[in-house]
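Undergrad: Sequence:
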Amino acid sequence: MVDVILINPPYRSVISKYVGYAPPLGLAYIASVLEKRDVDVKIIDAPALGVEFKEIVNFVERKKPLIVGVTCTTPSYYSALKVLRGVKEVDEDIITVIGGPHVSFIAEEALMECPQVDYVVIGEGEFTFLDLYERLLAGESTRDTLGIAYRDGKDVVITPPRPLIKNLDSLPFPAWHLLPMERYKAFGVREFPMITSRGCPYRCI
97 MVDVILINPP YRSVISKYVG YAPPLGLAYI ASVLEKRDVD VKIIDAPALG VEFKEIVNFV
157 ERKKPLIVGV TCTTPSYYSA LKVLRGVKEV DEDIITVIGG PHVSFIAEEA LMECPQVDYV
217 VIGEGEFTFL DLYERLLAGE STRDTLGIAY RDGKDVVITP PRPLIKNLDS LPFPAWHLLP
277 MERYKAFGVR EFPMITSRGC PYRCI
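Residue 97 is where the sequence shown starts when you use my numbering, and the numbers rise one by one after that.
Please note that the accuracy of each hint is not assured.
Said to hold, decoys possible - Label-pair restraints from in silico Cβ distances:
(1) Pro171 x Ile254: 23 to 31 Å
(2) Arg239 x Asp189: 38 to 46 Å
(3) Cys296 x Ile254: 19 to 27 Å
(4) Arg279 x Asp251: 39 to 47 Å
(5) Glu209 x Pro297: 28 to 36 Å
(6) Pro276 x Ile301: 34 to 42 Å
(7) Lys160 x Ile301: 44 to 52 Å
(8) Arg286 x Glu151: 34 to 42 Å
(9) Ile261 x Glu148: 31 to 39 Å
(10) Tyr107 x Pro289: 14 to 22 Å
(11) Asp248 x Glu148: 14 to 22 Å
(12) Arg286 x Thr255: 38 to 46 Å
As the list claims (entries may be wrong) - Cut-off 27 Å, straight-line C-alpha distance, at most; resulting in silico cross-link-like pairs (BS3-like, lysine-lysine):
(13) Lys160 x Lys184
(14) Lys160 x Lys132
(15) Lys184 x Lys159
Calculated directly from the structure, the hints in this document are not laboratory data. Bear in mind the structure is a predicted one, so any value in this text is a computation, not a measurement. Note that CB positions come from ideal geometry on N, CA and C, so glycine has one too.
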């Protein structure tokens, strides 16, 4: 058994075919923050490992986690929902969480579209996920958790946003040991990406 399983859902892009795969840094940072609190966490990077839905669901069934968290971009959104539907088919008591840039902007839509999603993490996920995990583990209400969305009956509740992390150096290094690092190559060269700032530098409207 594990406490938390974090998943980068199966998705094949034309770019990855030629350039390769990059580590899911968001999941790796969340995992490292959880591990600092002695949470037993695993990461499944499905695109890099070539893992499909059935294998993910079988892994979840064997490990029986309290929470399964899935990240997604816009192209991988429906793949992420498919994973969470499969998780709930295995055990409807497993708490499902989805996060990433896409659902941060359509949190209400994601909850209404997919009943198998229990929580949406909006924005930076490290301390929001930790806060959510600790409250759920203790059997406490999650209504005071900043930066999440969830259903309350037929209504969707979106809590106030969590303040951005001002000092990124306060975060532990990504949990590289939970990832298949030998599979991350750009143009044939192994890569270890770093984030020195957050947010988009451009001025799109």
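Undergrad: Are the hints correct? Go through all of them and say.
TA: Quick rundown of the hints versus the structure:
Pro171 and Ile254 have their C-beta atoms about 24 Å apart, which keeps the hinted 23 to 31 Å range intact. For the hinted restraint 38 to 46 Å between Arg239 and Asp189, the CB-CB distance of approximately 20 Å leaves it violated. At roughly 22 Å, the beta-carbon separation of Cys296 and Ile254 lies within the given 19 to 27 Å, and the hint holds. Judged by the Cβ atoms, the range 39 to 47 Å given for Arg279 and Asp251 holds: they are separated by roughly 42 Å.
For Glu209 paired with Pro297, a C-beta distance near 31 Å keeps the hint of 28 to 36 Å intact. Taking the beta carbon of each, Pro276 and Ile301 are about 39 Å apart, inside 34 to 42 Å as hinted. Between Lys160 and Ile301 the beta carbons are some 46 Å apart, a value that agrees with the proposed interval 44 to 52 Å. Evaluation of the 34 to 42 Å hint for Arg286 and Glu151 yields a failure: the beta carbon distance comes to about 25 Å.
Checked against the given bound of 31 to 39 Å, the beta carbons of Ile261 and Glu148, roughly 34 Å apart, stay inside it. Here the CB-CB span from Tyr107 to Pro289 is close to 18 Å, well matched to the stated 14 to 22 Å. The given range of 14 to 22 Å is broken by Asp248 and Glu148, whose C-beta atoms sit roughly 34 Å from each other. A C-beta distance of roughly 40 Å is found between Arg286 and Thr255, which places it inside the suggested range of 38 to 46 Å.
For the proposed pair Lys160 and Lys184, the alpha carbon gap of about 12 Å is at most 27 Å, so the pair holds. Between Lys160 and Lys132, the direct Cα distance comes to roughly 21 Å. Compliance with the 27 Å bound is thereby established for this hinted pair. Between the alpha carbons of Lys184 and Lys159 the distance comes to roughly 14 Å, so the proposed pair stays at or under 27 Å and holds.
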